[in-house]
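Student: What follows is each chain in one-letter form.
There are 2 protein chains.
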Amino acid sequence: MTTNTKPILVRFDPLSAFIATALERAGLPAADADKIANLMAEADLQGSDGHGVIRLPQYVRRIRAGGINTRPNIRVVKERAAMAVVDGDNGMGHLVMSHAVDLAMAKARSAGVAWVGARASNHAGPASLYVRKPIENNMIALYFAVGNANHLPPWGGMEMLLSTNPIAVGLPAGSEPAVVLDMATTVAAYGKVKAKAKRGEQMPEGWMIDRQGKPLLDPQRAGEGFLVPIGGHKGYGLALIVGLLAGTLNGAAMGREVIDFNHDHVTPTNTGQSVLVIDLAAFAEPEMFKAAVDHLVRDLRGSERLPGVERIWLPGEQSHHRRQQYAAEGIPLSAGQVSELTTLAHELGIAPLV
Amino acid sequence: MTTNTKPILVRFDPLSAFIATALERAGLPAADADKIANLMAEADLQGSDGHGVIRLPQYVRRIRAGGINTRPNIRVVKERAAMAVVDGDNGMGHLVMSHAVDLAMAKARSAGVAWVGARASNHAGPASLYVRKPIENNMIALYFAVGNANHLPPWGGMEMLLSTNPIAVGLPAGSEPAVVLDMATTVAAYGKVKAKAKRGEQMPEGWMIDRQGKPLLDPQRAGEGFLVPIGGHKGYGLALIVGLLAGTLNGAAMGREVIDFNHDHVTPTNTGQSVLVIDLAAFAEPEMFKAAVDHLVRDLRGSERLPGVERIWLPGEQSHHRRQQYAAEGIPLSAGQVSELTTLAHELGIAPLV
Chain A
36 MTTNTKPILV RFDPLSAFIA TALERAGLPA ADADKIANLM AEADLQGSDG HGVIRLPQYV
96 RRIRAGGINT RPNIRVVKER AAMAVVDGDN GMGHLVMSHA VDLAMAKARS AGVAWVGARA
156 SNHAGPASLY VRKPIENNMI ALYFAVGNAN HLPPWGGMEM LLSTNPIAVG LPAGSEPAVV
216 LDMATTVAAY GKVKAKAKRG EQMPEGWMID RQGKPLLDPQ RAGEGFLVPI GGHKGYGLAL
276 IVGLLAGTLN GAAMGREVID FNHDHVTPTN TGQSVLVIDL AAFAEPEMFK AAVDHLVRDL
336 RGSERLPGVE RIWLPGEQSH HRRQQYAAEG IPLSAGQVSE LTTLAHELGI APLV
Chain B
36 MTTNTKPILV RFDPLSAFIA TALERAGLPA ADADKIANLM AEADLQGSDG HGVIRLPQYV
96 RRIRAGGINT RPNIRVVKER AAMAVVDGDN GMGHLVMSHA VDLAMAKARS AGVAWVGARA
156 SNHAGPASLY VRKPIENNMI ALYFAVGNAN HLPPWGGMEM LLSTNPIAVG LPAGSEPAVV
216 LDMATTVAAY GKVKAKAKRG EQMPEGWMID RQGKPLLDPQ RAGEGFLVPI GGHKGYGLAL
276 IVGLLAGTLN GAAMGREVID FNHDHVTPTN TGQSVLVIDL AAFAEPEMFK AAVDHLVRDL
336 RGSERLPGVE RIWLPGEQSH HRRQQYAAEG IPLSAGQVSE LTTLAHELGI APLV
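Same order as they appear, the protein sequences are chains A and B.
The first sequence lines up with residues 36 to 389 when you count with the numbering used here.
The second sequence lines up with residues 36 to 389 when you count with the numbering used here.
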């Protein structure tokens, strides 16, 4: 089962414990390390495998290089009944955004709706991670983030001044899984390009263009081109708007100010994120809303399909199924990932994951 | 200048006055007719020509058929510090959404952020129409609407259970035009398909698919296929989320409940729209935010372009230029449109527009 080609299955608890130990050894307080580890393992559990434990070596490198404040004073710097701006004091993004979501939920419970933005934050994992708690509390959440590296030029341009700024929206359902959209504003994420390159495959037309504006199909030449936004100028517009709402509005980095955290481990990123929370109870009986969502979900799922289509999926449904499967069977990690984590464990002087 | 092929140029004031007279003659109170006419002419002025005076004959038909309440009691049915639900009482959508935006602005001024949703509303014109007033008051606005006809199946499906539910977002700038994104969640709007058919041209691949899931290029065969959402499953997800936030959350129509108002002039549409307003002053000095937007806009506009690209545009910039041009030279209406409005004027016994 644990050959080099087959994935290695790891349970949530030992994965979370390993991450916590690594982060604590790197210099974080134990309680903070636990909180972050839990969110990172959650990311792997829901199949957001580009944003879970795979980021651990990078986070550790950044913490040890002094690029993260391990004792941040995360605090509210602006506040009204339905909004706040949180200064993350260059702490780990997971801590800053957990704080922001809790605050937004508390404010939404009285004001009905609340928006909390963060500045001086950092990479916080997959966007959908932060809509889960509101969903469990009969709330809707919208999350906007400035990505931590610019991969996208403006429409018609060649300078990568924008990130693939993601959006997540989560809405609770009744007996159906919650509706959760988590999307980058480009047709394909950069990770998908790298995966194609690894497998020696060509990319489909529409993922990337080259410096002539022509389709770029060879993923080995990805460095010579750019990602394509969804719907052309529309996706460019979305990436820009998300960046303004999550970055500029909060006094966080946007455009040329964005630090590429894959290559710079020291400069504070001043990452910006924003979350909007809507309390269902302010609008109607939450059970009524959730029953209406169930009804709609079933209408869509049960509707006539194109030839060859086996099933119509709802946003977040595949991730929901994956989560159930991984909780029962374990989270699959590639042999390469495990070996990287073993190297990290040796460096930190902690027990390896497997 | 006014041959059958060249557009006829009409000034804002006489256009707005003509619309107001027509609406009043159809049965609306004079003050309401004026308010709606002003918004409709604004739509034409900014070049949203699918949502301005072109809709007048349809609105009049609906009003005269009893499909619109001409004396609505537009009222707040749910309210907290940062939210409200407005029942439009089946009044004209322009009145309902003007009410909703004013309320959201008043609430945002104290709570910092406010969300107002509407039910029992109607078609209200282009989405971007309702972000203008917040922008002029140093506020950001996000607008979500359920479209008034279903043209979009779920991804992988063939039943058109979703509309091309639009999103508009407007953010004020300093000396640059405001950043305004106004987009449907499909690659091409249905109006563009009709225009291609009229000109006898083929559609590019990616606009529509047929019932086999294959690209549909002949716009004459549009009835045999479906619009394609931006980014495939992503645009489907966006259309669904917008519908849930603007429709389901407000107790308005969504999915199968949506009335096709092009073919049914009598059944109340129970249209839903939502607006979120953010007061810049709650976050920082508005002038600082606007200067940052100016700076970003200039970075993007001035960045290196792909070969053959003359200019990098910002969202809303083309519409801003069009507005200035139309204000100076007049709003172009096609001879066909003018003749339709002349017919309408005869029916209503009012003076024709030109």
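These are calculated hints, taken from the structure and not from any lab test.
Be a bit skeptical, because a hint or two may be false.
Said to hold, decoys possible - Heads up, simulated DSS-like pairs for lysine-lysine below, C-alpha to C-alpha not over 30 Å straight-line:
1) B:K168 to B:K227
2) A:K113 to B:K325
3) A:K227 to A:K249
4) B:K113 to A:K168
5) B:K113 to A:K325
6) B:K231 to B:K41
7) A:K113 to A:K41
8) B:K70 to B:K231
9) A:K231 to B:K249
10) B:K113 to A:K227
11) A:K70 to A:K233
12) A:K229 to A:K249
13) B:K249 to B:K41
14) A:K249 to B:K231
15) A:K70 to A:K231
16) A:K41 to A:K325
17) A:K249 to B:K325
18) B:K113 to B:K41
19) A:K113 to B:K113
20) B:K233 to A:K229
21) A:K113 to B:K168
22) B:K229 to A:K249
23) B:K227 to A:K249
As the list claims (entries may be wrong) - With the Cβ distance kept under 10 Å, some of the chain A side facing chain B (calculated, not the full set):
24) A149
25) I170
26) A370
27) V373
Think of the CB as a built atom: it goes at the ideal place given N, C-alpha and C, for glycine as much as any other residue.
Student: All the hints need checking, so say for each whether the structure fits it.
Tutor: Quick rundown of the hints versus the structure:
1. Proposed proximity of K168 of chain B and K227 of chain B is supported: the alpha carbons are some 28 Å apart, at most 30 Å.
2. Proximity of K113 of chain A to K325 of chain B is assessed by CA-CA distance (about 18 Å); at most 30 Å being required, the pair is judged to hold.
3. Annotation: proposed proximity of K227 of chain A to K249 of chain A holds, straight-line Cα distance about 19 Å (limit 30 Å).
4. Between K113 of chain B and K168 of chain A the alpha-carbon distance is near 25 Å, which keeps this suggested pair within the 30 Å criterion.
5. Of the supplied pair hints, the one linking K113 of chain B and K325 of chain A holds, its CA atoms being roughly 18 Å apart against a limit of 30 Å.
6. Note on K231 of chain B and K41 of chain B: the hinted pairing holds, with a Cα-Cα distance of about 18 Å set against a maximum of 30 Å.
7. Proposed proximity of K113 of chain A and K41 of chain A is contradicted: the alpha carbons are some 50 Å apart, above 30 Å.
8. Restraint check for K70 of chain B and K231 of chain B: not satisfied, since their Cα atoms lie roughly 34 Å apart, outside the 30 Å limit.
9. With a C-alpha separation of about 25 Å, the suggested pair K231 of chain A and K249 of chain B falls inside the 30 Å cut-off, and the hint holds.
10. Distance hint between K113 of chain B and K227 of chain A is unfulfilled; the C-alpha atoms sit about 45 Å from each other, more than 30 Å.
11. With a CA separation close to 33 Å, the supplied pair K70 of chain A and K233 of chain A exceeds the 30 Å bound.
12. Distance hint between K229 of chain A and K249 of chain A is fulfilled; the C-alpha atoms sit about 20 Å from each other, no more than 30 Å.
13. Between K249 of chain B and K41 of chain B the CA atoms are separated by roughly 37 Å; this puts the pair beyond 30 Å, and the hint is violated.
14. Straight-line distance between C-alpha atoms of K249 of chain A and K231 of chain B comes to about 25 Å, which keeps the hinted pair within the 30 Å bound.
15. A threshold of 30 Å between alpha carbons decides the hint, and for K70 of chain A with K231 of chain A the separation of about 34 Å lies outside it, so the pair is violated.
16. Restraint check for K41 of chain A and K325 of chain A: the C-alpha separation of about 40 Å exceeds 30 Å, so the hint is violated.
17. Straight-line distance between C-alpha atoms of K249 of chain A and K325 of chain B comes to about 36 Å, which puts the hinted pair past the 30 Å bound.
18. For the hint pairing K113 of chain B with K41 of chain B, the CA-to-CA distance comes to about 50 Å; that exceeds 30 Å, so the pair is violated.
19. Using a Cα cut-off of 30 Å, the hinted pair K113 of chain A and K113 of chain B holds, with the two alpha carbons roughly 28 Å apart.
20. Note on K233 of chain B and K229 of chain A: the hinted pairing is violated, with a Cα-Cα distance of about 44 Å set against a maximum of 30 Å.
21. In summary, the hint linking K113 of chain A to K168 of chain B is supported, as the alpha carbons are separated by about 25 Å, within the 30 Å threshold.
22. The straight-line distance between the Cα atoms of K229 of chain B and K249 of chain A is roughly 28 Å, inside the 30 Å bound, and the hint therefore holds.
23. Our distance criterion of 30 Å between C-alpha atoms is met by K227 of chain B and K249 of chain A, whose separation comes to about 24 Å.
24. Annotation: A149 of chain A was flagged as interfacial toward chain B, and the flag holds, the nearest CB pair being 7 Å apart, inside 10 Å.
25. The beta carbon of I170 of chain A comes no nearer than 13 Å to any beta carbon in chain B, farther than 10 Å, and the hint placing it at the interface is violated.
26. Checking A370 of chain A against chain B: minimum C-beta separation of about 30 Å lies over 10 Å; hint violated.
27. Look at V373 of chain A: its Cβ only gets to about 31 Å from chain B, farther than 10 Å, so that hint breaks.
Figure legend: structure checked against the earlier numbered hints; hints not met, in rising order: 7, 8, 10, 11, 13, 15, 16, 17, 18, 20, 25, 26, 27.
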